[in-house]
Amino acid sequence: MIGNRLLIVIGSSLMLVLGLAALAAPWIAPHDPLAADPALRLQPPSPTFPFGTDQIGRCVLSRLLWGARLSLGTAAVTLALTTLVGMVIGLAATFGGRFVDRAIGVAVDAFLALPGMMLTMVLAGLAGPSTVGVVLGLTAASWAWWARLVRSLALSAREQEYVLGARAVGVHGPRLLLRYILPQLRQPLLAAVALRAGWVIIAISALGFLGLGIQPPAPEWGAMLQEARLHLATAPWLMLAPGVAVTAAVLACNLVAEGAQHLGERPPRELL
Amino acid sequence: MRVLEVSGLAIGLPGGQAHPLVRDVELALDAGGAVGITGESGAGKTLTACALSGLLPDPIRVLGGRVEILGEPVDVDDPRAFRRRRGREVFMVFQSPAGALDPTARIGGQVAEALWAVRGWTRADAHRESIRLLESVGLDGRLSRRYPHQLSGGQRQRVLIAIAFALKPRILVADEPTSGLDEAARRQVLALVRELRDTEGTAVVLITHDLRVLAGNVDQLVVVHDGCQVEAGPTGALLRHPAHPHTAELVRAFRRLEGAPP
Amino acid sequence: MTRTLVARAMHLVAALFVVSVGAFALFALAPGDPAEAILRDRNEAPDPAQVAALRQELGLDDPLAVRSARWLVRACRGDLGHSWRTGAPALAEVARRAPATLQLAGCSFLLVVLFSVAAGVVAAFNRGRPADHVLRIASVLTISLPNYWLGLLLISVVAVQIGWLPVMGRGSPAHLILPALTLSAGAAALQGRVLRATLLQVMAADHIRFAQAKGLPPRVILLRHALPNALPPLVTMWAVSLGHLLGGSVVVETVFAWPGIGQLTVTSVLGRDIPVVQAILLTVAAVFMLVNLAADLVNRRIDPRLDRSGGEASP
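Residue numbers (this note's numbering), protein chains in the order written: chain A, 1 to 272; chain B, 1001 to 1262; chain C, 2001 to 2315.
Worth flagging that the hints you see were computed from the coordinates, not collected in a lab.
Just so we're clear, the structure is a prediction, and the values are computed from it rather than from any experiment.
From the three backbone atoms N, C-alpha and C, an ideal C-beta is built for every residue, glycine too.
Treat each hint with caution, since some may be false.
As the list claims (entries may be wrong) - Sample of chain C residues facing chain A (criterion: CB under 10 angstroms; computed from the structure):
1. 2051
2. 2103
3. 2113
4. 2152
5. 2155
6. 2193
7. 2251
8. 2265
9. 2269
As the list claims (entries may be wrong) - Just a sample of chain B residues kept apart from chain C, beta carbon distances all over 12 angstroms, derived:
10. 1098
11. 1237
12. 1257
Said to hold, decoys possible - So the derived label-pair ranges between C-beta atoms look like this:
13. A:80 / B:1057: 55 to 65 angstroms
14. C:2102 / B:1013: 54 to 64 angstroms
15. A:26 / C:2057: 46 to 56 angstroms
Work the whole structure out from these sequences, hints included.
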């Protein structure tokens, strides 16, 4: 379909902007995100406070920028960890023999039977509300999805004709993995990362929203939204700012994923 | 009676008039007759076959020329012009029977469909007849309850022929109907096609690169090379005394395979 | 067919077993002393003697193997312990909240199917044209919206500013509208895309072309050949969606103060009411597996290739 490249470009640019903003937060944030001045509470956007102030007088824009560091950073770490764990387990299932495959399959089905957010919440909440808890909880909740993906990709990669040829000649073990299987996985896995990145960001902020994630006073976007709930009528900017931030980050990921998914598709046949 | 007339047929991508994929195809076919289209792989045989029933793969189109089916010209610019003529007038059997049959429908039902959905039979009569048709092509009637993946390649090809018998089309376009079949199956399929011609007067367009199949089965031969029709004529004469160098090459290559002196 | 069914059922039982083990592990590994927590919740200042007595009573000092075996046996009998907060049987707590979640899940599922089918069909039959592109952008946007934010937006716009619909809690059918819309939005957009892709893939298949070659009317092709091939992946997708909806949406129920299983999960996790958390995990997993098993059976009827014991011939 047309415009796929455009989607990828827009998505990546947006991600780049957000990432840069996150990295540059210490320098471009107008105020200290934790500096509270109750006298200035709930002020609408103004030149001093471009996004207004929250219920205890902190600058919303500064909190957003620092929050970007938190959310995007945590998301990146979580994605890296989850992909790694999922890959190891998925490959183990593919190459470890039937018993290992069955056993892992049972575990995967068990984890996938629970709604993602519920599992994440339970694990993160019980691990103790904290950044580490969030990362561990998310990893434990999403490894199954990755393991299943990697397994199915590796299985079809293993049955490719040129791989069958290599195996017939005697290539096996690490060499088979590194030179024949893994290269085939690279592109679909990257596309999957883009796809899941959005979900991870939403999950992190959802945990914060429920009070089970990164704890206040850290400027986590989801927590900020929870605080904004009480002031929906009086201070609508409080609710808009973090929401737009999360949506923007997730949109960036999803645009890239959507473009990547349909890249190289030819226009389909005339229907009937 | 003339059933198919093709002149100056050109096929290609829209806007690619200068470089058509297939050009200069000329065909004339009478009822009960058979013409073979042959040439090396990639010469354009399948595209020509698809054009005759309006099933060219998107975005390829007919760029020019005339196609007349049963004396009535078909608007080659309208991809839907063929819709009402397919099935009863022109029926195309694809190259790989594996993909042609619906994997979720029983064999008998797929044969019966041709009768009740295209030829207006009642469903009950159609199902009875479908079993008879399967048997007439050499398959066990009980296979009608089976699904395509439960049949062998040769059996699936014969199901397609059974569907052809059900439709009784005026023109049958068969694209490589015998590829991938063993000798016995190939003979059976060709015999069935012959029967269709003799009993129903169906005209046959047979696409194949296998000269063995053509000799004795088609009256005329069209040779296509690199998208262009290079020679056409009665089969026997053409094969014995090929005029165009490419045809000669084909015959030579074929003889070498057979072991006869070139 | 029965042999594969039995194998599948056993696989699911094994998975459920893993869930139970995991659920029990929560109990064993969660920080804090359960006996202390229970006593504290009953507003009794726990002194060591009382704690020790309760631990004895609950059998908390027995070896891990014994405790897990005991828990499993009780679980099979339907006894999943008692809530540490209310003292009521954990399973009963879940059952009490179930109707609310069922109601929301059912309503949302209907909305999801309706919107996704509409969007998917329109997009597929208009692919390449403006309608398709618009739907694509709209879908990506909708999927990117966090559902709790969507809920908050809907609340503030529809309820607070315009005052049309009730904001929170459960009561009249009007109370269902906002939560169901919020819950169904993302899933509907996502499933619409999948439906579109599936439809296009099916329509591009060789056997559809052959059906056209046969001269079958378009309606016959659509109903007899396109739909049965498109349904299995869709049925699976709907089963997963329904299964998860039945587990209760943690986030949406919190935003709208909907008294369902999702909200129960939040309060139980926050309050460290492990038995209830365990009960929730087990019931949600079991329901999910049942729904998927049902979908599996439906798919085997639709697509005979999935039923491997039907006797295959050699290729």
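Any hints this thing doesn't respect? Which numbers, in order? Of the numbered hints given earlier, those the structure breaks are 1, 2, 3, 10, 13, listed in rising order.
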